[in-house]
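A.B. asks: Place chain H on chain D using the hints.
Protein chains: 2
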Amino acid sequence: MEQVAWISVLAEGYAVTLAGGGFRASPSTVLLEEPGRRVLADPGADGKSLLSALRERGLSPSDIDLIFVTHGHLDHLLNLRLFPDAEVCDGSFLYRGDEAIPYGRFLPDTEIEVLPTPGHAPDHASLLVPSGKETWLVAGDLFWWRDGAVPRTDLPSLLDLEDELATDPEALRRSRIEALRRATVVIPGHGPPFRPEGRPRMVTF
Amino acid sequence: MEQVAWISVLAEGYAVTLAGGGFRASPSTVLLEEPGRRVLADPGADGKSLLSALRERGLSPSDIDLIFVTHGHLDHLLNLRLFPDAEVCDGSFLYRGDEAIPYGRFLPDTEIEVLPTPGHAPDHASLLVPSGKETWLVAGDLFWWRDGAVPRTDLPSLLDLEDELATDPEALRRSRIEALRRATVVIPGHGPPFRPEGRPRMVTF
Numbered sequence: 001m002e003q004v005a006w007i008s009v010l011a012e013g014y015a016v017t018l019a020g021g022g023f024r025a026s027p028s029t030v031l032l033e034e035p036g037r038r039v040l041a042d043p044g045a046d047g048k049s050l051l052s053a054l055r056e057r058g059l060s061p062s063d064i065d066l067i068f069v070t071h072g073h074l075d076h077l078l079n080l081r082l083f084p085d086a087e088v089c090d091g092s093f094l095y096r097g098d099e100a101i102p103y104g105r106f107l108p109d110t111e112i113e114v115l116p117t118p119g120h121a122p123d124h125a126s127l128l129v130p131s132g133k134e135t136w137l138v139a140g141d142l143f144w145w146r147d148g149a150v151p152r153t154d155l156p157s158l159l160d161l162e163d164e165l166a167t168d169p170e171a172l173r174r175s176r177i178e179a180l181r182r183a184t185v186v187i188p189g190h191g192p193p194f195r196p197e198g199r200p201r202m203v204t205f
Numbered sequence: 001m002e003q004v005a006w007i008s009v010l011a012e013g014y015a016v017t018l019a020g021g022g023f024r025a026s027p028s029t030v031l032l033e034e035p036g037r038r039v040l041a042d043p044g045a046d047g048k049s050l051l052s053a054l055r056e057r058g059l060s061p062s063d064i065d066l067i068f069v070t071h072g073h074l075d076h077l078l079n080l081r082l083f084p085d086a087e088v089c090d091g092s093f094l095y096r097g098d099e100a101i102p103y104g105r106f107l108p109d110t111e112i113e114v115l116p117t118p119g120h121a122p123d124h125a126s127l128l129v130p131s132g133k134e135t136w137l138v139a140g141d142l143f144w145w146r147d148g149a150v151p152r153t154d155l156p157s158l159l160d161l162e163d164e165l166a167t168d169p170e171a172l173r174r175s176r177i178e179a180l181r182r183a184t185v186v187i188p189g190h191g192p193p194f195r196p197e198g199r200p201r202m203v204t205f
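Residue numbers (UniProt numbering), protein chains in the order written: chain D, 1 to 205; chain H, 1 to 205.
Next up, chain D with everything else stripped away, as it sits in the complex:
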């Protein structure tokens, strides 16, 4: 498959537990550039770092055409406030003010595939981005680690990775199997990008 988009991880996601029950977190924010179209996945919550990362690439918020959010947790989307003019979509609908328009298998006006990946949240979705012979997965919280955790990237560890926020652990496992069958590189919600060691074989449910 041909390269269809340039992929830049603008910010590597982190999640740190704080004393008192709180946390400090922002997800991996990914810039996907196709000719004439710039998509930002999971703008996150750390505005300063994001604006600075865009600036380093010679971009300003008004250069972003579309924002994709993997799921509706506030740490993943508070920075929507930095992009008053961008269109916004989740895994199913493109939102234009109060109108929500279904858009099918690819992000609107792109060749970036949307993969429904429920489990961490019911409406969680990920992106599959062909890059040369590889396929990059913008995974959101399909995979995530707290800071301090050692990201283990062998197949059994990835499938069994505990997610204490999961709303449906069985669905999460199925989503991970499907995603890892297709991805060669994974950008997780919180933690460094990784290459999974091994691929799930065809599984019959």
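Among the hints, a few may not be true.
Unchecked claim - According to the in silico footprint, chain D covers these stretches of chain H (three or more CB under 8 Å from chain D):
1) 23-32
2) 69-79
3) 87-101
4) 188-194
By construction, these hints were calculated from the structure, which means they are not laboratory data. Even for Gly, the Cβ is constructed at its ideal location relative to N, Cα and C.
C.D. replies: Chain H in isolation, oriented as in the chain D frame:
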């Protein structure tokens, strides 16, 4: 109980199914004013109507101190983009940039009680606002109707109200029972405010 906040429904929520599988929707947006503190619940997706409703009250977005979101569906929170300076919270955490701080039973610096009401979404929460001898419930999508539906407000209809988006119908029913035990007036996510006819009695699970 004393009145602790002035309650204004700035916009009545609606949800209309469109041809082609899409929808047009924005939730009930509620302004809660305590001395020195203005809270906006569920800013919604219809920016024009919201700005106009604020203007009619002599307010601008910068007059809002805190935005509460009942749950993370985009039609409920896209208008966050109109309030770049307000603090934001959900039912558990107050978000300041990438910091999420747990805040307990009442909205930060207010006497407005937060009631966890999972079912429509796993982390859905509602607000209980004492008003004279009454208690108003800012219910988000604990109750909602599509335009064209006749809102039936007798107790059995309210408890059995179908929600095709519910992630956990059993939890939703329990949340409704607890909310209706306490509320005299309900502001639903989509549809007109109503007074429930009857109260659930004490229920032992």
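A.B. asks: Would you mind marking each hint as holding or not holding in the structure?
C.D. replies: Evaluation of the provided hints:
1. 23-32: Our answer is that it holds, as 4 residues pass the Cβ test (under 8 Å) against chain D, meeting three.
2. 69-79: holds (count 8)
3. 87-101: holds (count 9)
4. 188-194: As far as the region 188-194 of chain H goes, the hint is violated, because 0 residues have Cβ atoms under 8 Å from chain D.
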